[in-house]
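Novice: Chains as they are written, first to last, in the numbering used here: chain A, 1 to 242; chain B, 243 to 830.
Where hints are given, some of them may not hold.
Said to hold, decoys possible - Mimicking DSSO-like on lysine-lysine, the simulated pairs with C-alpha atoms at most 27 Å apart in a straight line are:
#1 B/K737 - A/K221
#2 B/K673 - A/K204
#3 B/K668 - A/K221
#4 B/K446 - B/K713
#5 A/K221 - B/K673
#6 B/K361 - A/K221
#7 A/K165 - B/K741
These are calculated hints, taken from the structure and not from any lab test.
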Amino acid sequence: MALSTRRRLLAGSALFGVAAAFPAAARTIAGAMPWNPNEAYPPSPVLPGRYLFFRPEEAAAVDALVARLVPNDELGPGAKEAGVTTFIDRQLAGPYGGHDWLYMQGPFPANPLPSQGLQSPVVPRDGYRQGLAALAEYCRSTYSGKVFADLPPAEQDKVLTGLEKGEVKIKDGRAFFDLLLANTMEGFFSDPIYGGNRDMVGWKLVGFPGTRYDYRDVMAKPNQPYTLPPVAIGGQPAWGNR
Amino acid sequence: MVRRLPPKDVVIVGLGWTGSILALELARAGLEVVALERGPWRDTATDFNIGTTPDELRYSIRHELFLRPRQETVTMRNTPDQLALPIRRWGSFLPGNGVGGAGVHWNGQTWRFLPNDFKIRSNTIARYGDKALPDGNHIQDWPVTYEELEPYYDRFEYVAGISGKAGNLKGATQPGGNPFEGARAREYPTKPLTQGYAQDLFTKAATERGLHPFPRPSANISEPYTNPYGCRMAPCTFCGFCERFGCANYSKSSPQTCVLPALMREPLFEARTECEVTKVNLSGDGKHATGVTYVDSQGQEWEQPGELVILCAFSFFNVRLMLLSGIGQPYDRDRDEGVVGRNYAYQSAGGSTAFFENVNFNPFAAAGSLGAAVDDYNSDNFDHTNLGFVGGASITCAYTNGRPILYRPVPPGTPTWGSAWKRAVKDNYQKVTSVGAQGSVMSYRDCFLDLDPTYKDPLGRPLLRMTFDYKNNERKLSDWMSDRCDEIIRAMGAKTTQKTPIRGPWSVIPYQTTHNTGGAIMGDDPKTSALNRYLQSWDVPNVFVMGASAFPQNAGYNPTGTVGALTYWALDAIRDRYLKSPGPLVQA
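Isolated chain A (complex conformation) (with noise of 0.2 Å):
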């Protein structure tokens, strides 16, 4: 064994001269699992109350936004009914809302090749800051000074449509269609800690049982239909107040 010999008689004392070395900048783990009982990093859940990014107005078009894109209809509540405007609202004031976790380091060109996806260097909070007033001034010159929110559902509807075909020429119209829809799909369907699928709306519509974390009485029956309500992070709204 010729590397280690001569410092595995000194192992022990060589890694207390190491820690003593080492500062607390970095984390050094030896001798056990750094584990402790009821340690855990859960998701802080969303609170009801006034918009942390958005203003009034903001808020406003987003609901009705998000009214269009999942309708309160005969099949259950809408996005809006659900709390995606407050689920958008958290997560624009949180690191997604600036794009804190991704590379946005430039240069950004201007022709990027569509398969090589996100090139801009507009983060989620300036999309919807400027999407919204561009969508608003939009309105006001077409619909003689309306705003989106005051529209009817159908020329919403239309007005939609042009932003997703792109005929509704705003600046960066479809990218704003884009991301207002993503937003909306992630909170009706995401967990109701983050402020939206309130009472688990979009779960009960598709019949996706949530959290519960063991099917194995699914697997020993298959093709049967599932019949238990959700479960959420949080629990149910029937155990409790929640």
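Chain A is fixed; fit chain B onto it per the hints.
Specialist: Structure of chain B alone, referenced to chain A:
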């Protein structure tokens, strides 16, 4: 100012599957081992609590467990004449970060490559002639055979507790298993997972078509198990939160579940997290590594001397560290010379999706490796004459999850929003299944990794640049496999199906697979490989490089089983031969 630390015998860069296995085994062999991990510490009890793990937004959509592109990403272009741009948000693949690496959030499909995969160049030429090889290819035989790796596949499978059914025990075909697999010495350590309704339909239809279905080998395990390190696992409950998530149930094999509980008790081992290795330091002549330099989370630079340096990062980052450190000659595509960055490959895909009536597939009752598969169209298990491609695919009917932010199948032509969309989402959630092909990708002169000339990481070091697209060989394979998948799913009773072959250039946007291979490949010739057959650098013999970066090209399977086998193969070479006489294990 760089501060110098006391030396260690072994410095391991990256504490995922390969790093934790080597750390445990080398510490037990009496060596002082330090593992440097740039991400955070993670353990099951703390980080993957059962009350908070099933959270699609946090883990799957916002990517909490993955490497943050802000810290490091790769730049990408499809062809060498294009301008590469950074992947700003992960999509097509999801590199891991932190202790456990991608072994935390994988699905757990744990295959052995077929004997032919290791000899694909010479076998293809022998059977079909050398004109059968695609234009511009760099296909190479592996420097190891299946038979040599078999005991090491076995070791990894028993550490990971893999659930499956043998199809070939010592040459004797076993009913219910994969008859095409290479001979294995013994059964899987745990019985196969229970399969669901869609898999039952698939198995019946495939059998009727003369194919040979079997349950896919799974690291989501079927029954209680204690592995050779004394780590205990519990049966999978089909929660449907595997890929992109840590397992709270000790049911999915991972470094956390299978290795770390034993490793952390080794007195000669120490892990340092949030420490990013920036460089392997070399002696003046460049032929010997003296240790590594790393930066901790407060920006302090440290030098960690060591006598043996083992790169155990994700494939891209092994390659990048070699390029940044000057280990091996960088690959130059124009001159077709050099080795580091050569033979980047990926995974091809195809399949067919079908909408059924009056069924309850219950897609949420799932596991990352739940699935029934056939291997009749993989590797060279079928006649390629006049097909126009080499390679093959494993074909599977599977559910990994039914998580509704991403899993909301609707028929083609459905609006993306509004009441009609809502109706379609509700009506189809239970009714859709698919048969998918996971295909090989060959290696080519034009598919490679090098350093980007423009984009840098926060420490000012060049990002890795990827040049990759699917070639005609892989596109033909995908078309052909999609037809086979469609035949099977129609035999399952589907009336309307939609084939999903590769179309258009490879894109970073939709998730495809995190099976990024090559760039620091193993081989018999130092002119065409960065590593010898023991994963040892030809140029700097006290540097070993683990992981899928060593694959000469990729097979029609998930890579982790082979990565695990190569790790134990290299371990034996290091422990039994290298330590007794440090130096090159193969003479160039």
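Novice: Look at each hint and say if it fits the structure.
Specialist: Now the hints, each set against the structure:
Distance hint between B/K737 and A/K221 is fulfilled; the C-alpha atoms sit about 25 Å from each other, no more than 27 Å. In summary, the hint linking B/K673 to A/K204 is supported, as the alpha carbons are separated by about 16 Å, within the 27 Å threshold. Simply put, B/K668 and A/K221 have alpha-carbon atoms about 22 Å apart, close enough for the 27 Å limit, and the pair holds. As the CA atoms of B/K446 and B/K713 are separated by approximately 34 Å, the hinted pair breaks the 27 Å bound.
Pair hint A/K221 plus B/K673 holds up; C-alpha atoms about 17 Å apart against a cutoff of 27 Å. Restraint check for B/K361 and A/K221: not satisfied, since their Cα atoms lie roughly 44 Å apart, outside the 27 Å limit. Restraint check: the Cα-Cα separation between A/K165 and B/K741 comes to about 26 Å, which is no more than 27 Å; the hinted pair holds.
Violated hints, in rising order: 4 and 6; the structure is consistent with all others.
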